[in-house]
Structure formats: structure tokens, C-alpha cells
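Novice: Sequence:
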Amino acid sequence: MSPEQKEDLQFRILGLLDGTLGEGEAARLDAELLGSREGRELFHQLATLHSVIEEQAASKAEIRRVPIIPIELLLARQRRTLLRNSLLAAAAVLLVSFIALWLKMAPERPETYAKFQVAPDSAFTLTHAAVGDKAPAGKALAKGSRLRLSRGILEGMFESGARFVVEAPCDMTVLADDRISLADGIAWFEVPSNAAGFAVETQMIRVVDLGTRFGVVALRGKNHEIHVTKGMVEASCVTEDHEKHKIILKAGQARRLDASGMLVQIPVDTSRFTTSIPDALIIRNPGFENMESLAGQRNRAGYGPISAWGTSGGTVGAGGRDIPFLTRPAHDGANVAFIQGKGAIAQSVSGFDPTKTYSVTYFVNERGYTNAGASPATHTSVTLDLGESFYEHPGLITKTDAFRRIVSSPLRVFGPTANIEIRGQAASGDSTLLIDSVSVSRSVPSISDGGFENPAQPKYGFKQAHGAGRGNLGGATWVFMAGAGITANQSDFRPPAAPEGSQAAILQNAGAVLETTIQGFEPGVIYSLSFEAAGRRGGAAPFQVLLDGKILGFDGAMNLRPPVGSYQSYTSGNLSLSGGSTTLRIVSTGQGSSFIDDIRLNFVAEAPDQAESTLPRK
Numbered sequence: 087m088s089p090e091q092k093e094d095l096q097f098r099i100l101g102l103l104d105g106t107l108g109e110g111e112a113a114r115l116d117a118e119l120l121g122s123r124e125g126r127e128l129f130h131q132l133a134t135l136h137s138v139i140e141e142q143a144a145s146k147a148e149i150r151r152v153p154i155i156p157i158e159l160l161l162a163r164q165r166r167t168l169l170r171n172s173l174l175a176a177a178a179v180l181l182v183s184f185i186a187l188w189l190k191m192a193p194e195r196p197e198t199y200a201k202f203q204v205a206p207d208s209a210f211t212l213t214h215a216a217v218g219d220k221a222p223a224g225k226a227l228a229k230g231s232r233l234r235l236s237r238g239i240l241e242g243m244f245e246s247g248a249r250f251v252v253e254a255p256c257d258m259t260v261l262a263d264d265r266i267s268l269a270d271g272i273a274w275f276e277v278p279s280n281a282a283g284f285a286v287e288t289q290m291i292r293v294v295d296l297g298t299r300f301g302v303v304a305l306r307g308k309n310h311e312i313h314v315t316k317g318m319v320e321a322s323c324v325t326e327d328h329e330k331h332k333i334i335l336k337a338g339q340a341r342r343l344d345a346s347g348m349l350v351q352i353p354v355d356t357s358r359f360t361t362s363i364p365d366a367l368i369i370r371n372p373g374f375e376n377m378e379s380l381a382g383q384r385n386r387a388g389y390g391p392i393s394a395w396g397t398s399g400g401t402v403g404a405g406g407r408d409i410p411f412l413t414r415p416a417h418d419g420a421n422v423a424f425i426q427g428k429g430a431i432a433q434s435v436s437g438f439d440p441t442k443t444y445s446v447t448y449f450v451n452e453r454g455y456t457n458a459g460a461s462p463a464t465h466t467s468v469t470l471d472l473g474e475s476f477y478e479h480p481g482l483i484t485k486t487d488a489f490r491r492i493v494s495s496p497l498r499v500f501g502p503t504a505n506i507e508i509r510g511q512a513a514s515g516d517s518t519l520l521i522d523s524v525s526v527s528r529s530v531p532s533i534s535d536g537g538f539e540n541p542a543q544p545k546y547g548f549k550q551a552h553g554a555g556r557g558n559l560g561g562a563t564w565v566f567m568a569g570a571g572i573t574a575n576q577s578d579f580r581p582p583a584a585p586e587g588s589q590a591a592i593l594q595n596a597g598a599v600l601e602t603t604i605q606g607f608e609p610g611v612i613y614s615l616s617f618e619a620a621g622r623r624g625g626a627a628p629f630q631v632l633l634d635g636k637i638l639g640f641d642g643a644m645n646l647r648p649p650v651g652s653y654q655s656y657t658s659g660n661l662s663l664s665g666g667s668t669t670l671r672i673v674s675t676g677q678g679s680s681f682i683d684d685i686r687l688n689f690v691a692e693a694p695d696q697a698e699s700t701l702p703r704k
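Sequential numbering of the sequence shown, starting at 87, is according to my numbering.
It is worth saying that the hints were derived from the structure and are not from the lab.
Please read all numbers here as calculations on a predicted model, not as lab measurements.
There's no promise every hint is true.
[To be verified] Using 35 Å as the maximum straight-line C-alpha spacing, the simulated DSBU-like pairs for lysine-lysine come out as follows: (1) Lys442 - Lys336; (2) Lys428 - Lys485; (3) Lys225 - Lys316; (4) Lys201 - Lys316; (5) Lys229 - Lys336; (6) Lys442 - Lys636; (7) Lys225 - Lys201; (8) Lys201 - Lys442; (9) Lys636 - Lys336; (10) Lys220 - Lys201; (11) Lys316 - Lys336; (12) Lys316 - Lys442; (13) Lys332 - Lys636; (14) Lys332 - Lys316; (15) Lys316 - Lys229.
The whole structure should be built from the sequences, with the hints applied where relevant.
Specialist: See below:
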């Protein structure tokens, strides 16, 4: 037995004799003594000594009974305690030194002022005044952080509770924890009373919150506006003397900076602002790029089952250009789904609100016979909740140069989870329905034949409404006036390839008109209008887009002249109407020719206050 072990055993034996050793420790000590002769001898020595001392103490009433520990053991215990305390102190010094060194060497991240999130399919770039390891991590903003949003919607919140929502394009920089610079964009702010004093600066105006909700428009080189819907703000022009030109705006008031540098009164228009990120309904594998690759599931033709989608009926699968069905490029990516006969693809999707309606969008094409003059055709339909809510596309799907966009009518759901099923039904022969890029959103009003695929145009011909007359071009759902019509990709106009389908509308010279009626706008919902446009070689015709007689703005522009020889995407500012029937009109305002294709409406968000967001009807 080593000296250390003997010393430890002495302490435990004395504890047993004094009655201070616990039951568990006492039992373990008994077992140890039974197995150690040297231990038993030590126990007898200490027990005898303990007994003698106790007898002497008991004979003297003034002496209180206390645990008896030999002096040599007491000194040993003191030495052990001193050594232990010294080691602990040294360890503490080392630990403190290590922490200090680590803090000195660790990157000093700046204080985070705000965090943000983006809507699906958004694109942004984020830079910081600090770089490398010293910059904020993730979707966080600190002093000097610059956020540029090129596509989509972004929502964030400062530590103070001030909330902001911006829509692309936008360029903003954080100047302090209660101050930002908006170099370009449209932004909405909701600031609680405890964060009053929050400031927004553009190149031309400065807005200081007084506990409120307000929107700021700062289009680079164009409009600078302030719209207040709740509370008050302090507004001023950014000049050397801006302190002398402060005004207070209350709820229901708005101002625009005019050419003279004055803030002139304008009507409040909250429909221009998005107040929250649209709820995302996620469809798994929407473009059919992921295919199950288990052994034996792909045949020699190169197609097989589709990951995340169920299939039923007919011949159903997915594949790319290695399958015999895909004779045109996919709408997105390399793969598409295909359905022959009365087949279907289906997927369960969560996140629905049963009190709302939804639209399913997908792109379609038809295989058609290779090198055949006449193409077979097929029907397509989409359902939610296993057919309880159903949409069937009214026309046949025929082969086109590019995939066509299908937007369903409003579909109902009956719970947070619904089953989306897209079905094909061959009209004749070897028809094959091709499907790509499936998505679901809150319902939008449907624009009938927004791709101008009907009626089909002769390969080198062109149909239009001549003179001042009106015409429907033999079955078109649009009305065409004075130089407007439909043209195919291969027409003598030599248009750039239509981005959707094989045909596009054309506006020739001043006064040409495209017109259709749209139904299904929901009160209190904000939409936007999108389309593609290109100019004819030799000169593009400028045009305006009107909804119920109101000219729409596209990034601040109201008279559009598209680029010659290539299509450009256009998306309007926010729209909010009171419902009912609405007239969409596109009017050429000058000489030249322009092509227009793929006209559709987009769901943006719920209006912040329905009573405030509805535009006056004309």
C-alpha cells in the first residue's frame, strides 16, 4: 500500500469511527478491509486509539465530544489542501490568460442591427463595411451593410422592432441601428412606438418616423415619394437647408418631390407597396430534374420514375433529350415529365389556407410525330384535393416551338394539405403531353390565351384587323384593332422566337390595339402584370398598357419601347382592384412594330388595409 493510499484509508477509517462516513462509503470500506490485511491492522490501531481518547474525554464533563484526528494526519491534510488550492489557482490563471488571448485573436464581428429573409426565387447581393471573418454571418445587417435585391421580395426587422419590406430592384445601406439609406427601390416600413425616430434617407428626401406605417418610393433618377397610412412622419428635402423645410405628414397623406424640389401633395396609394413576403407553397422537384436511379427502374430509352411525384395510368415518366418524346428544349433545365394516354402525375403539398383559393401553373408541349406535317393533340387538366376542385384547359395542346404556360382557374382546398394532380388525355394516336416547371400560388385572374396561340397562323402569313375595324381573327379570345394581329415565328416579319409557344401578338404603327376582358380580381389583394415584348428590326413601336383606362407603370415608365430583335421582360407596379370585370388594353402610340407575348398576372400580397389599398375604378 502506497503512502498516499494509506493516508486516504486513515481518513476514511476515522470518519467511520466518528460516524461521519456515509452508508455507501462505509459499506465500500468494509469490503476493502475484508480484502486487505494491512488495512485491517491499520483499522485496529486507529480503533484502539479512538477508544482510549473517547474514554478520557467522557470522564471530563466540560470536554465536548469531537472527532479525534491525530496531529500527523491533520498536517498531512493541510499539505494536501494547500497543494490542491495552488494547482487550482495556477489553472485559473492559465484559463484567464487563454480566454484573454482568444478574445484578442478572435475576429471582432460588428454589432448586428437587423436580420432578413427573402421570398422564394429572389436574388440579392450583400456586402459589408467589414470583410472576411469580421463581417456579420448569414442574412444579417450591421453598420455599413449594403443590400441589393435584383429579383423578388425581401423582409427584415431591426433589433428595435422596426420592420421593412422591399421589392426588387432595390439598393439599401444601413447607416446606423435606426437609420438607412435607400438609393433605389420601393420599401415599406412598420415602426413600433418604442423605435420612433427611425430614419429613411433617399438621394432627395429624408423621412423620420414618429411611430407609424409608411412607404417610400426612391426610383433612381425618377420619382421620390412618401405615403403614410398610420401615425405620423417628419419629411424633408435633402438640401443644405433641409431643417427649414420639414413638414409633418399624418395617416392618409402622401407627398412627391417635384422638379422644383418641393414636396407636392398626391393621393395615398398603398397598393404600390408589398407589406409581407408571400407565403411559399413548396413543390418538390418541380422541373423533374431529379429522377429515381435505382437499378432496373430506367429502361433502354433513358426514362423512368420521377422523384417526389406519384404516377398513375397510361405511360408516365420523365427524361431529357435522350428520350424520343422531347423534340423541343425543356422550358427549364434538361428534363420534363411525359404522359401518354390517360395518365397523371401527383404530389401532396402542404401550407394551404383553406379560406383562400389557389392557381396551379405549369408549362406544356406536345410531342408530335417526328417529321410529320400534322401534329396529334392532347388535353390537359389539373385538380386539387383529388378532383374536388378541377380545371381543364379549354384547348388542345399541340406541338409548339417553346413550352406554353397553363394557369388554372381558382381552385379550392379543404385543409392545409392538398393533392395536386396533373392529368393528360391523348386525343389521338401517339400523342404525348410534356410537362415542366410546376408551381402553385394564391389564385390570380386568368388571361385567356396570353400567349396568342389561337388561331394558328400560316407558316409565312399574318392575320390582323385592318383599318379602324374590330376583329377576333376567327376564334381568338382577344379583340384586335387597326394594325394589331397575331404572327407566327416563321412569318415574313421575321420576329425573334416567341418566349412562349410559337406565336405572338403584333402592334403595327400608331393606334393599333389589343384588348381583352379579365375577371376574378379579389378585393384587398395586390397583383402585378407581366409580359414579354420585342421590337421588329427596323424600329419598335412604343406602346402603353391600360387597365380599366388607367395607364400602368413599369419601373416608373408608362410609354414602353422594347429592344429590337430580342424579348425583354416587363412587370408592372402593384395593382389592386375592387373585383368584377376589368378591361386590359395595349395601345401602340407611335410608328414601328412591336411583338408581345406571354401576358399573365402575378399574386403579390394581401393589401395592408383593404379600405386603403383599393384603387378607384374608372
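Novice: Look at each hint and say if it fits the structure.
Specialist: These are the hints, each one checked on the structure:
no., hint, verdict
1, Lys442 - Lys336, "33 Å, holds"
2, Lys428 - Lys485, "18 Å, holds"
3, Lys225 - Lys316, "29 Å, holds"
4, Lys201 - Lys316, "24 Å, holds"
5, Lys229 - Lys336, "30 Å, holds"
6, Lys442 - Lys636, "28 Å, holds"
7, Lys225 - Lys201, "6 Å, holds"
8, Lys201 - Lys442, "30 Å, holds"
9, Lys636 - Lys336, "27 Å, holds"
10, Lys220 - Lys201, "17 Å, holds"
11, Lys316 - Lys336, "7 Å, holds"
12, Lys316 - Lys442, "27 Å, holds"
13, Lys332 - Lys636, "33 Å, holds"
14, Lys332 - Lys316, "19 Å, holds"
15, Lys316 - Lys229, "28 Å, holds"
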